[in-house]
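Asks: Below, each chain spelled out in residue letters.
There are 2 protein chains.
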Amino acid sequence: ESVPRLREVPRLPPDTTRESFDRAIVELRDSLGAENVVLNDKPLEDGWYIEHPNTHDAFHIVDQEELVCSAVVYPESTAEVQSIVKWANKHMIPIYPISMGRNVGYGGSAPRVPGSVVIDLGKRMNKILKIDAENASCVVEPGVSYFALYEEIQRRKLPLWIDTPDLGGGSVLGNATDRGVGYTPYGDHFANHCGMEVVLPNGELLRTGMGAMPGKNGADNPTWQSFQPAYGPYSDGIFSQSNFGIVCQMGFWLMPETGHQSYMITFPHDNDFANIVEIIRPLAQQRILGNIPQLRHVIQELSVTGLPKSHWFPGPGRVPRDVVRKHASSLPCGDCAWVFYGTQYGDPASIKTQLDMIKSAFSKIHGSRFFLPSDLPPDHYIHSRAAVCSGVPVLRELDWLNWVPNAAHLFFSPITPTRGEDAKIVHDINVRLHKKYGFDLFPTLCVAGREMHYIANIIYDRSSQDEKRRATALMRDLITEAAKEGYGEYRTHLLFADQVAGTYNWNNNALMRFNETLKDALDPNGILAPGRNGIWPKNFRGKGWQL
Amino acid sequence: ESVPRLREVPRLPPDTTRESFDRAIVELRDSLGAENVVLNDKPLEDGWYIEHPNTHDAFHIVDQEELVCSAVVYPESTAEVQSIVKWANKHMIPIYPISMGRNVGYGGSAPRVPGSVVIDLGKRMNKILKIDAENASCVVEPGVSYFALYEEIQRRKLPLWIDTPDLGGGSVLGNATDRGVGYTPYGDHFANHCGMEVVLPNGELLRTGMGAMPGKNGADNPTWQSFQPAYGPYSDGIFSQSNFGIVCQMGFWLMPETGHQSYMITFPHDNDFANIVEIIRPLAQQRILGNIPQLRHVIQELSVTGLPKSHWFPGPGRVPRDVVRKHASSLPCGDCAWVFYGTQYGDPASIKTQLDMIKSAFSKIHGSRFFLPSDLPPDHYIHSRAAVCSGVPVLRELDWLNWVPNAAHLFFSPITPTRGEDAKIVHDINVRLHKKYGFDLFPTLCVAGREMHYIANIIYDRSSQDEKRRATALMRDLITEAAKEGYGEYRTHLLFADQVAGTYNWNNNALMRFNETLKDALDPNGILAPGRNGIWPKNFRGKGWQL
Ligand SMILES: Cc1cc2nc3c(=O)[nH]c(=O)nc-3n(C[C@H](O)[C@H](O)[C@H](O)COP(=O)(O)OP(=O)(O)OC[C@H]3O[C@@H](n4cnc5c(N)ncnc54)[C@H](O)[C@@H]3O)c2cc1C
Ligand SMILES: Cc1cc2nc3c(=O)[nH]c(=O)nc-3n(C[C@H](O)[C@H](O)[C@H](O)COP(=O)(O)OP(=O)(O)OC[C@H]3O[C@@H](n4cnc5c(N)ncnc54)[C@H](O)[C@@H]3O)c2cc1C
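Protein chains in written order, with the numbering used here: chain P, 1 to 547; chain Y, 1 to 547.
You may find that some hints are simply not true.
A pair holds if it fits inside one copy or across any two, identical chains being indistinguishable in the list.
[Unchecked claim] Below 30 Å or equal to it, Euclidean Cα-Cα: the simulated DSSO-like pairs (lysine-lysine) are:
{"#": "1", "residue 1": "Lys90", "residue 2": "Lys538"}
{"#": "2", "residue 1": "Lys86", "residue 2": "Lys538"}
{"#": "3", "residue 1": "Lys435", "residue 2": "Lys42"}
{"#": "4", "residue 1": "Lys364", "residue 2": "Lys543"}
{"#": "5", "residue 1": "Lys42", "residue 2": "Lys436"}
{"#": "6", "residue 1": "Lys42", "residue 2": "Lys123"}
{"#": "7", "residue 1": "Lys123", "residue 2": "Lys90"}
{"#": "8", "residue 1": "Lys484", "residue 2": "Lys436"}
{"#": "9", "residue 1": "Lys127", "residue 2": "Lys435"}
{"#": "10", "residue 1": "Lys484", "residue 2": "Lys424"}
{"#": "11", "residue 1": "Lys130", "residue 2": "Lys86"}
{"#": "12", "residue 1": "Lys436", "residue 2": "Lys359"}
{"#": "13", "residue 1": "Lys90", "residue 2": "Lys42"}
{"#": "14", "residue 1": "Lys127", "residue 2": "Lys216"}
{"#": "15", "residue 1": "Lys123", "residue 2": "Lys424"}
{"#": "16", "residue 1": "Lys326", "residue 2": "Lys123"}
{"#": "17", "residue 1": "Lys468", "residue 2": "Lys436"}
{"#": "18", "residue 1": "Lys130", "residue 2": "Lys538"}
{"#": "19", "residue 1": "Lys130", "residue 2": "Lys157"}
{"#": "20", "residue 1": "Lys359", "residue 2": "Lys424"}
Derived by calculation from the structure, the hints in this document are not laboratory data.
The model shown is predicted, which means the values in this text are computed figures rather than measured ones.
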């Protein structure tokens, strides 16, 4: 849908006059080429996942025109990124880097400060710089998607897997920088990166890890993608979920291909939840579970078919539990409450041994049922999970988007220990507050041996002011109530960054003071992504920017 | 041996008069109790591993009196650490924190800047604060040794393993902070930590990870030892191998106990080396090798017996290769060149499958021989490796210390890709330079799937000025020549920190400028461990401190 702009365009950066903005843009165009600096002055189009906008948040939860940039720039090289950063420092214009901008549910490609200049790195910096089959690693630029990396590996016929999130259209580098997750044994994307090239907020260029040592005759260091921390402070972590640098290259480890077997286990009762978590913990800690399995509520078996809510339930409001039950009964999963998707890895004999242990462990829950993909129809969702869990990027998860008209996603993503008791507290808060605000609860739990990501997917109609207001209120309450019990989010939408950062306030906000100290040292002019992850540079602090 | 001090005692901090130093010490004693502030004014004793000094580097490679502190303080609590840091800022006296000070081969407990006040954290802050059997984790203070943690777990009869370095007397927290390694699947100590409590150089107290969110009713956060990065910049890494903070508590993951089987494989020829590395790589990448195995040269089979060099070879200088050969022939390993120590984990069936694959892979090297511990005599070194590789701390590795009289260790620790070609370049440099400077070459290679730590243990007689000089020259040459080929160290002795840091000089020392920016922001007075890892605060820069 294309909506005419109501406000003056383009939206100016804060404290910038139109004249000085125009002058700055002329200068930028001179240096990058006019076609690579595009003003955001046309109607905003939400598009869809594949044709997503880089002008604003396609999944807007405030006014569509609220979180907009003033312009988008398309650098071609690291050197051009450096010159954009220097330009921003000169003109004191905030810049906001994105790799591909498919951060749907967390802000898309919108900048936190309206009127910032978005640096769309991915459009022209999209090269796979290296695939090292011996070292099982690669180096990519920001514009390399999971699909692109996957296809190149297939083309070269290498026995390597990538690890992909549920949707394969994102940026390998961008997702890792935001500490996203996937589902093979290499699912912790940031933990499986090795080496970065980063433009600092002052325009300087840094290589982290072994990349900080020149290779022979000026080559890249031969160990750059082999060893993460190198010598001295290991600083890569501070470039994730931060506004301390612009990552222009990043190395990743690739997994040697192996055998795999996905499966699904169903559990009959809503209150089996805590027991399921208790059974997963030792299996995961002992690495019998080979990857990060997902646990979902049965309502998701309805939504992943791609059929809208209206198909299942014509009424307004939430789908009643007994309606879900009735429909589930006629789906392959049957009348159940929880659905567990796992995958085992290795040779057939080890997979068999593992599956025997897993079946026996879960059999303690009365009424649990075990399915292999071959037990399920060819259009069942499990085949898409099996793909993702063996490193094949898919788009199937997009089917969720059909649940309501004009559907948009907003993720509530707290972490709990993998312990029934803790998980239940967070789940109960979700149940209660989703009910209060009238949203179906879609929890996807990515369960590791010690912690689980509890991802609640709030799906709302972005054409409805009322739904947006309720979705926002639900998020705010969820964050507050979880924090009261000691549970915090690992990631959040731009607009809730301040609130979430504010819950990490031990010792009178020691962490935020520390982050601000680093920010001010690295970005004295406060030009790089102000407000991202709740970190405001000193020129923005105390001026009402926090939400 | 106790040597009378030749210089004035205690050695004063730089730019500090005796009067102001004395006044500062009086103040410190008032606040901590006189018995907890001890001047370093008595004769220096090198002691031995268990009774190691905290006054200087017991394995001195310069004059024993060179790397000395002015005083040692013993805080009892984090609050006392904070007050020491504030005291240091007030008096501009450099402080140097150690956990247990058994960093032998890398500087022991010596401060980089002579006359610094050493904070010996471990003596009184030695509590195991928590062992969570469900979460398989613990929280420790700096003074908890591998032995102490191991014993407490045995006492509580928990089915958990610790991971220990070759020597069990070190600090769990201190070793991890220096990014040390062990040999179970949890061998990367820093990667297996979860959450820190850190006193910053300005005296502020920070909790990293989920610890930055208060738990319910002021308790510790329930997810602190479950999830590493939490929300926002993941900053733990910059507190490792740095001088940006004093770690007062640290969480660690413990491994669920499992079956295990150690073994030894010998290879006949010196030039099998590159092939061995090539065979290890895929085995390690595919996680068929369950831990970080060690590859050693056959000469180490002689030294780990604990018998001195003179027992094997009465002559001066290096033990000739044919003398090693002759003795090896009568040892269990036989006449071979390389010895590989591995361990497999899991149930007996999987261990058998793994071992079959490993034997078949290595059988490609003609003349390789496979041994189980049961094939070897009860006093063979393999039994100590089997202990270490199943989480049991030992002291056996100390036997090396008998090689020469007054033996001291100095480690040269470059990283190479796990690739025969790269490993061979570094090995050849070692062979050539050890020969040039007249030292036996003792390489221990910790080989992972993508990188290997090549640890060369230079053993010298610390009573010989000539050996010290040669050991130093050997180190300097090794660092320079390896760097020329693009290989860098992961860790080094205090005195070579500047040189090693200087090799990570890509883009005109961008990394060091970045580290200095952080240092100046966090430690404006430059009081915390100046010079550690080559990072000098601004008040020390350009004053000739770099070596
Ligand atoms: C149905 C559905 C399923 C999803 N499943 C998953 C999932 O399984 N796992 C998962 O992790 N996410 C998931 N997401 C969320 C999101 O779509 C992905 O994380 C996606 O990969 C992020 O977008 P991107 O890769 O294009 O990153 P970008 O949008 O390019 O980057 C994300 C953010 O990181 C920062 N950033 C990016 N690049 C740089 C850079 N070079 N330098 C500095 N900062 C940078 C920016 O702040 C940017 O906003 C899902 C979303 C939906 C709607
Ligand atoms: C024969 C032999 C075998 C060895 N094998 C191994 C091995 O297998 N693996 C291995 O890793 N090492 C090995 N070492 C090296 C060394 O002995 C160990 O690493 C040892 O654990 C380090 O001493 P420590 O634990 O007492 O740490 P400490 O000496 O207490 O700490 C090491 C350094 O870290 C810093 N530090 C410590 N605590 C803090 C803190 N709380 N806050 C801020 N900074 C801090 C200080 O700079 C300190 O000098 C070996 C040494 C020898 C001689």
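Asks: May I ask which of the numbered hints given earlier this structure violates, with the numbers listed in increasing order?
Replies: 3, 4, 5, 9, 12, 15, 16 and 18
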